[in-house]
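Undergrad: Listed below, chain by chain, are the residues.
There are 6 protein chains.
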Amino acid sequence: MSKHVAAFGEVMMRLQVPGYELLSQASTLNYSFSGTGVNVTAALARFGHTGYLVSTLPANAVGDAAVSYLQKLGITQSFIRRDGTYVGMYFLENGFGARPSRVTYSNRLESSFNTSSEGTYDFHNMAKKIDVVHFCGITLAMNDSVRHHMKTFAKAVKENGGTVVFDCNYRPSLWGEDGYEKAKPHYEEMLHLADIVMMNEKDAMFVLGMKTEMEDRREQLMDLIPAVAKKYTISVIAGTHRSINGNNTHSLSGFIFKNQTFTFSKRLTFSVYDRIGAGDAYTSGIIHGEMEGFSPEKTVEFAAAAGMLAHTIVGDTPMSSESEILRTMTESVGDIER
Amino acid sequence: MSKHVAAFGEVMMRLQVPGYELLSQASTLNYSFSGTGVNVTAALARFGHTGYLVSTLPANAVGDAAVSYLQKLGITQSFIRRDGTYVGMYFLENGFGARPSRVTYSNRLESSFNTSSEGTYDFHNMAKKIDVVHFCGITLAMNDSVRHHMKTFAKAVKENGGTVVFDCNYRPSLWGEDGYEKAKPHYEEMLHLADIVMMNEKDAMFVLGMKTEMEDRREQLMDLIPAVAKKYTISVIAGTHRSINGNNTHSLSGFIFKNQTFTFSKRLTFSVYDRIGAGDAYTSGIIHGEMEGFSPEKTVEFAAAAGMLAHTIVGDTPMSSESEILRTMTESVGDIER
Amino acid sequence: MSKHVAAFGEVMMRLQVPGYELLSQASTLNYSFSGTGVNVTAALARFGHTGYLVSTLPANAVGDAAVSYLQKLGITQSFIRRDGTYVGMYFLENGFGARPSRVTYSNRLESSFNTSSEGTYDFHNMAKKIDVVHFCGITLAMNDSVRHHMKTFAKAVKENGGTVVFDCNYRPSLWGEDGYEKAKPHYEEMLHLADIVMMNEKDAMFVLGMKTEMEDRREQLMDLIPAVAKKYTISVIAGTHRSINGNNTHSLSGFIFKNQTFTFSKRLTFSVYDRIGAGDAYTSGIIHGEMEGFSPEKTVEFAAAAGMLAHTIVGDTPMSSESEILRTMTESVGDIER
Amino acid sequence: MSKHVAAFGEVMMRLQVPGYELLSQASTLNYSFSGTGVNVTAALARFGHTGYLVSTLPANAVGDAAVSYLQKLGITQSFIRRDGTYVGMYFLENGFGARPSRVTYSNRLESSFNTSSEGTYDFHNMAKKIDVVHFCGITLAMNDSVRHHMKTFAKAVKENGGTVVFDCNYRPSLWGEDGYEKAKPHYEEMLHLADIVMMNEKDAMFVLGMKTEMEDRREQLMDLIPAVAKKYTISVIAGTHRSINGNNTHSLSGFIFKNQTFTFSKRLTFSVYDRIGAGDAYTSGIIHGEMEGFSPEKTVEFAAAAGMLAHTIVGDTPMSSESEILRTMTESVGDIER
Amino acid sequence: MSKHVAAFGEVMMRLQVPGYELLSQASTLNYSFSGTGVNVTAALARFGHTGYLVSTLPANAVGDAAVSYLQKLGITQSFIRRDGTYVGMYFLENGFGARPSRVTYSNRLESSFNTSSEGTYDFHNMAKKIDVVHFCGITLAMNDSVRHHMKTFAKAVKENGGTVVFDCNYRPSLWGEDGYEKAKPHYEEMLHLADIVMMNEKDAMFVLGMKTEMEDRREQLMDLIPAVAKKYTISVIAGTHRSINGNNTHSLSGFIFKNQTFTFSKRLTFSVYDRIGAGDAYTSGIIHGEMEGFSPEKTVEFAAAAGMLAHTIVGDTPMSSESEILRTMTESVGDIER
Amino acid sequence: MSKHVAAFGEVMMRLQVPGYELLSQASTLNYSFSGTGVNVTAALARFGHTGYLVSTLPANAVGDAAVSYLQKLGITQSFIRRDGTYVGMYFLENGFGARPSRVTYSNRLESSFNTSSEGTYDFHNMAKKIDVVHFCGITLAMNDSVRHHMKTFAKAVKENGGTVVFDCNYRPSLWGEDGYEKAKPHYEEMLHLADIVMMNEKDAMFVLGMKTEMEDRREQLMDLIPAVAKKYTISVIAGTHRSINGNNTHSLSGFIFKNQTFTFSKRLTFSVYDRIGAGDAYTSGIIHGEMEGFSPEKTVEFAAAAGMLAHTIVGDTPMSSESEILRTMTESVGDIER
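Protein chains in written order, with our numbering: chain A, 122 to 459; chain B, 122 to 459; chain C, 122 to 459; chain D, 122 to 459; chain E, 122 to 459; chain F, 122 to 459.
FYI, nobody ran anything at the bench for these hints, they're computed from the structure.
Where hints are given, some of them may not hold.
Copies of the same chain are indistinguishable here, so a pair counts whether it falls within one copy or spans any two.
BS3-like mimics (lysine-lysine), calculated; alpha carbons at most 27 Å apart, straight line [claimed, not checked]:
hint	residue 1	residue 2
1	K387	K250
2	K276	K303
3	K249	K332
4	K249	K387
5	K379	K279
6	K303	K379
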């Protein structure tokens, strides 16, 4: 059954050097617009839900281009404010083999989204229209004003009986020195508000400062996640373990912890075309499974397959339909579809 | 010794999304013109024969572009009629890893080729000028009028002492429900007319409804193909077994059955750049080997190498010369040629 | 005040050779999706209205791409059915100077839109949600089934108190031999249903078979249009006179006939980048002016400026905002805006 | 009636910077293959004749690309030898307004064509198959060996009753210092062999050293051309007067002198997209008119219109059909053809 | 005689939509790096001088790309500091005819250049190595810190006997409300330091608040400029009058005031391909003329021709050599150079 | 410590078909400028040294483009002469899997570099300014005049106390029949002049005609290289062993022989994007290690890592900084850098 899902987050302009040249070799860039909130709502819109983005974009040519792009992705734009002057940007140079991809951010702190003052969003009315809201740790890292928006919105949704999703997504470069210390109180506040949380054992250990005696990743996970769920009264915790192989393939296995029980997906190994944003595809799969009432087994396999397919898609934003993901869960690699 | 070879078949416009974007992401398409008959005659023209295409194209800008493209491939266009209004088209989105390639056809049933009425081709005179003619099962699936053309032309060539090649090439989507049943009488008619047939055990089982007790593909093949050759009095039957591996490689082994004897090629495993049309390269290798009087061993290795190289070439149509194929048969993967 | 506007019409795929090459010279195409209904609703959406397209597109990759493209243009897609198999297409080769542009259609008669059977659209409910509906003569030329849809929808809107717009847009190639004769009864039926009609004296003379003694275009116009308005009880008739100059410029003057009075725009002369769809920009300007209650003077100047700007925009579909059009109406050609 | 026309000349690779960048700004080039002989035979093939190019190209990837390109243009390649190592090349940077286009040649003197030794072409047998042969002054400027080929071929054609066309086309940079003096004897030899000559009064004055008292171009022409025709017993002399206007347009008027009578075309003024090779389109129009038995009036208008259209076509080589040229002769600039 | 010329200014990244699409239509951008200082030093380096840019760029991939680009232009990069985090950017959408070009700035105030703290440049040592230094009003508009750099550097050069050039270049959007008032004291300080000033009567009236009774532009110029020269003891004042014509052409006439005498260039009218940065080409022509000791007549004609050619060049930065400019001063528009 | 390094060698224009099409399929080329000397000096400039190229380029548009390109790479161009007419060129078609890459040279023997007469370079003064000079066996293969330049320059540098590097780089196609015999005396002369030599056991066996009883490559190397070092009094000999694997990966291990001791790098296996020029990256690593006083272990690992990274970079010329290479030496393949 189709739901109304919102995400609160920044829209970034992605400026990608085509092919494998460096920025100092090429002369053209491909551009698109993305962000964790964009990726999650676009994926859910493709699954048949109504996906709202709650964000701010400038009323100029760059902001217009961003809105057009979001519309193309199927995102409903009625909760997007047009204000401020800049869009955050990042440059992407594709790696090849032994040479890793490289991301260079342009100034995002002065963006329309990050300079929106308090009271500018009508969270009260938005909360009435939506069933689920999604937040992530990247947004939480921005500044006090943005954090205030997040928490206000989360509370409003909760008060209206909606579901709050929080993706921990800790980025060290955004929090700076003593980052874990700075981040912890904000993370705890969000965890208390959240019903569904995306994280794994590393977030528990580093951001929340929890301890475990285990050494194996999965054992650490199974030791810590139930404690997190209990402490912050979280219904569902889900996440992935990723490993990067030498031959341009990644391996991914997903988990979901719900009703005191862990369910793990198969470990998928696959070639990677575009890695950025693939985590958001996994998140969208978990949210979709929960909204549709899938079994935990189906939810975690669906999310893992959605994540895998997102690595084969150009751009940050997942593009696969529910039926394409379901087919990937059951079939082996096939010949051309014709 | 250079021969005159004709193929009867439709010219399709291939509209391919560049790179790995989906049609709903991109804004440009690469176009080219192909078809089984185009691919086979172009390959044979590159081997030094005169390759005629017998087809119909509209007398408009799209038809002009098709003719120019066929000329570029070295195809002799004097047997191409200009009539009707449309060219059949298909869209191709390249797959990557776990995401398969996807072909979407536009309306081909209204094409110039498929709406040519009886009596429009002068098969009688064409038959006098050619040594070999090639037909395929895709054309046979079109409509009664096209099937009538095929059979008329095949008989005319046979009466003039020419060689008839028929590639079974059964496409389920083209025959629709109860397809095997509908197709069988037409296939049988073509097999009776054919001297060289491209097929494998699946065609024997599914299209011709033959039975075997064997379970292994090769054993099925060795059980059924001699029976087919006998029943329809076919001199040469050739084909391939293909398997698709997870890591973007395919494996291919070819066979030829001639003088009651099977000859198999080495099993080749190779990276795939563009899979469409590679089967036609194998066919062109078999025809060339037969026309040049190669030993069955050389013919089947040549055809398999031609097929392998066609997977490394952009577009549907094989582009390798005889000497390039012969070199591939003997050398290991090399450094740059300079 | 923002209105709800729908258009009923086909979505065509435009396949354009980039630059000035011919289809037989190039190897890439730019693609986009357009159509009179697309152009008009997209333009009105950009002016702040809600623009619905009522159409049918196939549930395949080409249909998905079309829907994404329409969403990017800001069109609301909730009235678009997904059914059938094909999208109508046309190829465009850009002319230069003495060499005219050339359009080659692919088969549109088998398109999803043109093969939709009766009863498939829920016109009754759509009519309740919209203030204005737009139809055009191109759609009227398709087939009986499409014409039946048009008339049913027009009546439903009229019954709900909405405004019906009809753009005569007669295309000789679509009606074939004795076209005017075939077209006339259908045009008359639409004119009786319409409140706002886009046409000029040529439509009156050729399609409606009306006579005038005048020889000058404007005199013919002023003689015939009031008679049309009276006969079919049409509130507003608007249209343009275009002349094509040798130096790659066109001249355009618009008129509106309302309350028994003609109002003419300035005659605008301007360089042309992309002529297709510019007439729809003029239509959108007239509709906007009428919906906003502009004076006839402002409406016709606004429509003419919108039409002029559309000639400077890449693609069929107008992209200018209301403020950009208003600025063009008052300012002379300026230096860079920075 | 369709004729067999050959041209003897070099195939050059054209490497063009796309758009308006300089070679020191850009990083991609568009390439094509052309040459006076290529342009003339391709144009005549498009008019329905069989066009042979007599030339030499290396048996490597560049030579293969050239042959494919010529085939695409409709040129019959059976008289092209494959020998030597290099293809002559030139770089083209498009000018804009006040900045002229710039051509930079790479080494053409070492090309396959220019290093072909005597006796390599079977002119004797070629001459039997052709009705008309075309030569030009650029080829004449190369070296003694090439000149020997030219004259041998011209004589062979003449002996077989064929028509010899010679385009004077004097290029100062190719003949170097004292160029007129060096060139004159070779030009005279070709003029004695020729039936149809492309030239104007400048060739008569500078290459042939003839004198006139007239000062106006047309008067000089009318004074000198009859003398040339008489002295060298030439049946038809044709050529153009071109003037370059400031606003990116050129003006062109053609003449033909036949049976002691001058016929002039209208003076055409038109926008220029690609000027190179347009003179060859004029030549092809004259040859076509003469072969088809057009009146001098029709021939010269046809040639001028062919020349004008060639300025609107991408690349050196004319692409217009006979019917497109005839339509241009009668119609004014039109709207889109659809 | 070759001089050492420095410019102090920001490097901007130009992100241009190719062709005539809007940012909300396209998906690729062409990028380059420019700025008034970049344009002037690159032009002078092309004339044979050593051109230093004094600026700051971040030590990341974007900064590396900028440095590579400046090196390609021939700029000596030894005075470029690598510090800070961002490069200022602007987006450019090309206008066409009635639709003006549009520039959208991204955040430049946080750029490496604009956040360089005092004492970071070693102006003392730089001043010893250079003969001429160039500053402009855009830089002056940035912030106090940048203004302090400018004035410190200007004084250092002056003390070392070098020449100070100041281009007034007032941009209203950069100074904001009451801009003229804020700007005036800074402009006056720079004018007192400058030897060569680029300006016209508008700068005198609006920035310096001077009054004139004249109404005609040239009369205003001739009234005010001598007063400015006298008041601020400036040796040379030069500038242009530009008018923008409807047909995509501009007209430009240059002046130089030196030794109490005005010299004017011819009024040039020309087609415009890329207008941005063309003013810097004019400036570079004036500086070159002064450094080479050209007569005022030659200097002003050279500068005007340099300016005109810069309008025909892709990108902000002039690319013409001295000989190309001199040729343009004497020749009419020519045919292809080959 | 930053050094002054020069290389003497030809600049070649690389004309590469984009993607995987053949030259006979495509219509665009990417171009760049490279050569062994270009690659080595550009790599060393990126490591912080001053890199001079000693070469000759024509004073035309192609030469200008080459100079701009070299400047972009960070090469100091003050030792580049502008003379002659042509730049050597090569066409590159990318291989895929079983189909090898193919290089087709255009005429390089007539290039500006290869036709420079004696006495044109001021080697005497150049030698005073540089610490190290690099030569290679490709240049040695050209002609007597070029060889004379090489030896003269090597002697001049040696007399000034500089270091001479010689890369054996024997190309059979350049020396023709009996190539080893022709080459040997010139190689011996260069080896006598060299301090650092790039070679492996094959050069010793084939060019120098040395014998070994060993059969294993490494044993042959360890047998022959010390003898070479001794015979020609060479301080440092370094080189690689490469093997090409079926799955589009190469394996590389480097060695350095210095102070009578062999040091070997780890054997690196990696995916290959662009193989051309990667050997020059290895050379640049050896030179940098020697200039910086790295231990042999660090030098050979640094050179091998530099070589590996160069296979992942678009174009012939290495683009990695010292810090990127050092990081690759220590880290495993990572996720995106952001």
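Undergrad: Against this structure, judge whether each hint is valid.
TA: Now the hints, each set against the structure:
{"no.": "1", "hint": "K387 x K250", "verdict": "neither (36 Å within a copy, 48 Å between copies)"}
{"no.": "2", "hint": "K276 x K303", "verdict": "within (22 Å within a copy, 47 Å between copies)"}
{"no.": "3", "hint": "K249 x K332", "verdict": "neither (39 Å within a copy, 62 Å between copies)"}
{"no.": "4", "hint": "K249 x K387", "verdict": "neither (38 Å within a copy, 50 Å between copies)"}
{"no.": "5", "hint": "K379 x K279", "verdict": "within (20 Å within a copy, 55 Å between copies)"}
{"no.": "6", "hint": "K303 x K379", "verdict": "neither (29 Å within a copy, 53 Å between copies)"}
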